[in-house]
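Each step along the sequence shown adds one to the number in my numbering, with nothing skipped, and position 57 is 745.
Some hints here could point you the wrong way.
To be verified - Only pairs whose alpha carbons sit at most 25 Å apart, straight line, appear in this in silico BS3-like list of lysine-lysine:
(1) Lys970 x Lys935
(2) Lys724 x Lys742
(3) Lys742 x Lys753
The set of hints was computed from the structure by calculation and includes no laboratory data. The model shown is predicted, which means the values in this text are computed figures rather than measured ones.
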Amino acid sequence: MDVFERVAQLIEEIDAVTASTPEQVEAFRIRYLGSKNILRPLMGEMRTIPNERKPDFGQLVNRAKQHAQDKFDGLQAALASQESATAGSELDLTAPAEPMPLGSRHPIALTMRRIVSIFERIGFAVAEGPEIEDDWHNFSAMNTPEDHPARDMQDTFYTGADMPAGPNNSAMLLRTHTSSVQARTMEAQQPPIRIIAPGRVYRNETISARSHAQFHQVEGLYIAERVSFADMKATLLHFAREMYGEKTKIRLRPSYFPFTEPSAEMDIWWGLETEHDHRITKGTGWLEILGCGMVDPAVLENCGIDPERYTGYAFGMGIERQAMLLYNITDIRLMFENDVRFLRQFASVV
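Build out the structure end to end from the sequences listed, making use of the hints.
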């Protein structure tokens, strides 16, 4: 048998190989493709081949090598397919899936989103502002006089002297309400203005079950021509019924805020059906949920809006208070402690 016949026989041998296990495939690789494979010595036979046949022999040997490589690749692919099919057959597709732990939204975020959604549906846009604010936008622009109790160091967190001063060289502080966003909006644009300003605020208060040094507010502002107190009342009644149910009743009680005149506090009828109702409403059945009023002309003038032409109303509410009412939470501190046991209760709330 000459060398050409031997190579042809090896090609036929490679064709005939079958392998169904990883060990058999590896044995094929070692025999035909390894560092000491049986095809390697064939090139040494080149010296015995007549010169005119050497090109043919070289091509034949290279074809045998390529054939071995293709066969090996095919065996590997078949083995991988076989293993995949076997692995799939071991799965019980009727078995219950592994329980996927659900994340949960924070009750403050849930409540804020609900409030914002109600007002967005009636045309209010969301406005934002800085949490580190200057005295002008936080107090002066909102008609809060220098001797007002809200300016007292016991109520407000003032920043250090190294902070840059605000307009009119005013001090810097952590905003005590989101009314500062209203002031910035009125400075930046002319009426009509219809915004809500949700955000976090800070007051230097003793932390207890009903109060905290940081909390969240949503404040609203509507300024245009011929805006009336009746417009405000209709808007807030719509909000209360969207928030607490279609049969919700409200009442407005006279109050005082530096930036609105006249001012009012709005209550909703909570009822007196349970001991909890008596306690939370102090036996009256009515529960205060927000403050409101017509924007004081001095505020409009401070912010560059003509009070002779435009009127408006403003309102503000604490989000934590709304969340405590919606989800029957009795301690405001729970909302800031990040206790997973508390947060998991809201896993299914959207």
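Hints, verified against the model:
no. : hint            : verdict
1   : Lys970 x Lys935 : holds (22 Å)
2   : Lys724 x Lys742 : holds (23 Å)
3   : Lys742 x Lys753 : holds (17 Å)
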